[in-house]
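Please model the entire structure based on the sequences and the hints provided.
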Amino acid sequence: MSGKRSTFLISALVFGFAFLYVPILLVMIYSFNEGKLVTVWTGFSTKWYVSLFSNDGMIDAAWNSLRIGVMSATLALALGTPAGLVMSRFGRFKGRTLFSGMIAAPLVMPEVITGLSLLLLFVTLEQMVGWPAGRGISTITIAHTTFCAAYVAVVVQSRLSGMDTSVEEAAMDLGAKPAKIFFVITLPMILPALLAGWLLSFTLSLDDLVIASFVAGPGSTTLPMKVFSSVRLGVSPEINALATLIILAVSAMILISSLLILRSERNRSRAPSTEEA
Amino acid sequence: MTSDTPEKSLSLKQRFDRWMIKHGRVLVIGIPYIWLFLFFLVPFLIVLKISFAMAEYAQPPYSSLFDWIEEGVTVTLNFGNYLFLLSDSLYATAYLNSIRIAAISTVITLLIGYPMAYGIARARGSVRSILLMLVILPFWTSFLIRVYAWIGILDREGLINAFLLWTGIITEPLIMRQTEGAVFVGIVYTYLPFMILPLYSTLEKMDVSLIEAALDLGCKPWKAFLKVTLPLSMPGVLAGSLLVFIPSVGEFVIPELLGGPNTLMIGRTLWNEFFANRDWPIASAVAIAMLVFLVVPIMWFQHTQSKQEERQS
Amino acid sequence: MLVPEAVLDRAHEDVHKTQPWNNPDAVPYIRFENVTKKFGDFYAVDDVSLDIYRHELFALLGGSGCGKTTLLRMLAGFEEPTSGKIYIDGVNMAGVPAYERPTNMMFQSYALFPHMNVEQNVAFGLHQDGLPKSEIRTLVSDMLALVQMTKFTKRKPHQLSGGQRQRVALARSLVKNPKVLLLDEPLGALDKKLREQTQFELVNIQEKVGTTFVMVTHDQEEAMTMASRIAVMNEGVINQTGTPFELYEYPNSRYTANFLGQVNLVEGVLIDDDEKYAVIKSDEGGCEIYIDHAVQGHRGMTFWAALRPERLRLTKEPPEDTKYNCVSGKVEEIGYLGGISTYHVRLASGKRIKVTEPNSTRQIEPRYTWEDPVWVSWEAGAASVLNK
Numbered sequence: 001m002s003g004k005r006s007t008f009l010i011s012a013l014v015f016g017f018a019f020l021y022v023p024i025l026l027v028m029i030y031s032f033n034e035g036k037l038v039t040v041w042t043g044f045s046t047k048w049y050v051s052l053f054s055n056d057g058m059i060d061a062a063w064n065s066l067r068i069g070v071m072s073a074t075l076a077l078a079l080g081t082p083a084g085l086v087m088s089r090f091g092r093f094k095g096r097t098l099f100s101g102m103i104a105a106p107l108v109m110p111e112v113i114t115g116l117s118l119l120l121l122f123v124t125l126e127q128m129v130g131w132p133a134g135r136g137i138s139t140i141t142i143a144h145t146t147f148c149a150a151y152v153a154v155v156v157q158s159r160l161s162g163m164d165t166s167v168e169e170a171a172m173d174l175g176a177k178p179a180k181i182f183f184v185i186t187l188p189m190i191l192p193a194l195l196a197g198w199l200l201s202f203t204l205s206l207d208d209l210v211i212a213s214f215v216a217g218p219g220s221t222t223l224p225m226k227v228f229s230s231v232r233l234g235v236s237p238e239i240n241a242l243a244t245l246i247i248l249a250v251s252a253m254i255l256i257s258s259l260l261i262l263r264s265e266r267n268r269s270r271a272p273s274t275e276e277a
Numbered sequence: 001m002t003s004d005t006p007e008k009s010l011s012l013k014q015r016f017d018r019w020m021i022k023h024g025r026v027l028v029i030g031i032p033y034i035w036l037f038l039f040f041l042v043p044f045l046i047v048l049k050i051s052f053a054m055a056e057y058a059q060p061p062y063s064s065l066f067d068w069i070e071e072g073v074t075v076t077l078n079f080g081n082y083l084f085l086l087s088d089s090l091y092a093t094a095y096l097n098s099i100r101i102a103a104i105s106t107v108i109t110l111l112i113g114y115p116m117a118y119g120i121a122r123a124r125g126s127v128r129s130i131l132l133m134l135v136i137l138p139f140w141t142s143f144l145i146r147v148y149a150w151i152g153i154l155d156r157e158g159l160i161n162a163f164l165l166w167t168g169i170i171t172e173p174l175i176m177r178q179t180e181g182a183v184f185v186g187i188v189y190t191y192l193p194f195m196i197l198p199l200y201s202t203l204e205k206m207d208v209s210l211i212e213a214a215l216d217l218g219c220k221p222w223k224a225f226l227k228v229t230l231p232l233s234m235p236g237v238l239a240g241s242l243l244v245f246i247p248s249v250g251e252f253v254i255p256e257l258l259g260g261p262n263t264l265m266i267g268r269t270l271w272n273e274f275f276a277n278r279d280w281p282i283a284s285a286v287a288i289a290m291l292v293f294l295v296v297p298i299m300w301f302q303h304t305q306s307k308q309e310e311r312q313s
Numbered sequence: 001m002l003v004p005e006a007v008l009d010r011a012h013e014d015v016h017k018t019q020p021w022n023n024p025d026a027v028p029y030i031r032f033e034n035v036t037k038k039f040g041d042f043y044a045v046d047d048v049s050l051d052i053y054r055h056e057l058f059a060l061l062g063g064s065g066c067g068k069t070t071l072l073r074m075l076a077g078f079e080e081p082t083s084g085k086i087y088i089d090g091v092n093m094a095g096v097p098a099y100e101r102p103t104n105m106m107f108q109s110y111a112l113f114p115h116m117n118v119e120q121n122v123a124f125g126l127h128q129d130g131l132p133k134s135e136i137r138t139l140v141s142d143m144l145a146l147v148q149m150t151k152f153t154k155r156k157p158h159q160l161s162g163g164q165r166q167r168v169a170l171a172r173s174l175v176k177n178p179k180v181l182l183l184d185e186p187l188g189a190l191d192k193k194l195r196e197q198t199q200f201e202l203v204n205i206q207e208k209v210g211t212t213f214v215m216v217t218h219d220q221e222e223a224m225t226m227a228s229r230i231a232v233m234n235e236g237v238i239n240q241t242g243t244p245f246e247l248y249e250y251p252n253s254r255y256t257a258n259f260l261g262q263v264n265l266v267e268g269v270l271i272d273d274d275e276k277y278a279v280i281k282s283d284e285g286g287c288e289i290y291i292d293h294a295v296q297g298h299r300g301m302t303f304w305a306a307l308r309p310e311r312l313r314l315t316k317e318p319p320e321d322t323k324y325n326c327v328s329g330k331v332e333e334i335g336y337l338g339g340i341s342t343y344h345v346r347l348a349s350g351k352r353i354k355v356t357e358p359n360s361t362r363q364i365e366p367r368y369t370w371e372d373p374v375w376v377s378w379e380a381g382a383a384s385v386l387n388k
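Going line by line, the protein sequences match chains H, A and U.
Using my numbering, you'd call the opening residue of the first sequence number 1 and step up by one each time.
Using my numbering, you'd call the opening residue of the second sequence number 1 and step up by one each time.
Using my numbering, you'd call the opening residue of the third sequence number 1 and step up by one each time.
Please note: incorrect hints may appear among the correct ones.
[To be verified] With the Cβ distance kept under 10 Å, some of the chain U side facing chain H (calculated, not the full set): (1) Phe-78; (2) Glu-80; (3) Val-96; (4) Gln-108; (5) Lys-176.
Think of the hints as simulated: they come from the structure by calculation, not from any bench.
Yeah, the Cβ is synthetic: ideal placement off N, Cα and C, and Gly gets one too.
Listed below in structure tokens is the structure:
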């Protein structure tokens, strides 16, 4: 590769990553600013963290968000895993096109449309069958499960497509029935993908503002909804502190899980020499 | 094998096994199918239905399409909402603006993302996984917080203005937030990982010896890029662009937080019709019209996904 | 019938035991009856009928896409035939799923379960049968001893070399004591040296356990070394079935002759025939070819004479009798391989003939050089006559 082109690529990378990270770093730095004004550095302080933790509304919202996140990520895993299996292993069946459409579309569907449509569904259902009575945590969970299941399905599908089917065929050849093959062979082999799918769903749910705003009811304010209403008015040091905590938590989680996944994959792909040992 | 075991002598487990073999496939397809059908597809039909209703002061705030009278059902379709969308230039402007802003942002994202993806794909093993991780990390961090970060930078009392005033380059603060430019920055910033990841995965799979062959055959590096690398990475370009374009058209948070009152985008319009005006039928009509605009890119996206899936298997 | 009577005459009582395919009363162990498999409009396997006998090591040989793997997968139960029937030990396999068939397969990629160690991999199939734990332990350790993997029972597949993985895969498929063991390119993933050594090991193990082996390969040398019989496949059809000896010495078609070893094919027309001999006149060869046995066909019909390069003689002087079985030409290419030399001789007609000669004595300088005029001649029994 010519030197000129590497210089171009390296500067593109430096510029790109600066663009991605400088704003986040600024938020983190200013969360320790003593003054209320974001622009003027008046000294180091952790008082905004203290005030964040004494903000009951914020704590309640965070608790709601965590509960919804765990529930919908788990449900999404339960629904998305079979969906991904169907997409990569079940061949053709009636209605496959519609099925793959319903998995691909939620990934790109504008959130306002998904939110509005789900709200109208819940209202209609309530009118017709009396369920769900009012809206709240459960309706947000259903909404999040639906679009997170699509993400899980895509993650599982792409993992399975990259996997040699002969391993599953070998299990069948040795006398294992389909359900057993799935639980004893397939599931352990796609475990890293399932972990990634769960984490992705959890963070997507934790992050969602628009859909939750549509389908939330009284008393089910989530963290993003709370943050949004405060941010609309401008920058607040308390939000800086919250942002820093979220960023650190997510980074730690991602780092640990990718190290785990990376290690298990490296173990697996590390092929020793073909010579007899 | 075709043993003639009488049905009665089967244990419960054997019966369950038989049942699973016969119906297991239907069950595995059926459960996610029904869920997605009920909570993804049916809602659109309801939106379609309500877009033909009239707004009413009621709970829920729209008229019913079906009236049960003695002999059967009468259907009252009300096209008024769609006529209203056509008559008020606000909506047409919002649609065109959304598409224009999304398209421009997509192009900028591509221009920034392509060299980055290329650089990552050509990096050495361990460096590559670190760089990739650095792209994925912001993708996992809160979207709302990343948009929020730019408020502090672009605001009238924000960091850029403070810096420029301090250096004396300007004497009056620049207006950067609440402009269309800020919306571009916001979209490019939040959607950049969506562009880089599919681009990276096609570039990474590409055989480097193809470029070496082109160079060996007398192609200049820049030409080798245009004639070999770029055409071969088109699936990634397409997937990345659609992943940025489609959701940006309906974007609400970014224009709301970074755009000005005049930055009309359709997601914002829908939000306001629903939350501020409480006009559910108009909001539904806006949603249906947006879907009509997006149906082609969404189908296209699905097509690229299924083509990729075929290549993999 | 292109195989001379003399070969078939040797089929006496003793041969009936070692060569059941020559015994009209023998019952086949595996039977394909008019089996066809279509993928869309493509015929992967087209009306194949084939009998395989107990204790055979049978090879399906052919290039990629010839249908050999599809045939094997239908035997294993991974594919159902579009039409036709498959019997194993007299039982019709239609509708029997892979997990209930009396077959086990060794996969080309070995398909070892990456999350299980060697012992667990080998025991997997026995667990599915619900055998008692103590019995499983004995069977597994016996099998690992047979394939010399006792030292590595606790290793995971990724900690093994290619040859070791191959042994584990073999042990895993053999431990269930299947009626038929299926091997899909069993040595394809090994390097050349290891492959040659493993060929004989596999044959030894097969002789020890006595299981019927059906293997798929694209390597003719591997098939000839290992198999009791070979079926040569092309475009979904079996071209010829026979022992390695029969296929090499008495090919029934130009395809088989070409696929096994090297051959010169010379086109000609039958001009004279009798109960004892036949003469083919070849414009391409510029000679008349005398065959020492009768051929089926009438005068004027087109035939091909298949001449193996090692059965041809190269001389500077014309042979004594130049009426039959000799042509003259010029040496065009020389390949010196040490033990043997190969020569390409250009005939007057433009056809090239390949000749190999053993370098059985030490020469001061090469016997022939480029552009040397030479004569190529052969015995009356050297050529096989093919009509397709």
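Quick rundown of the hints versus the structure:
no.	hint	in the structure
1	Phe-78	holds (6 Å)
2	Glu-80	violated (13 Å)
3	Val-96	violated (12 Å)
4	Gln-108	holds (8 Å)
5	Lys-176	holds (7 Å)
Checked against the numbered hints given earlier, the structure breaks hints 2 and 3 and satisfies all the rest.
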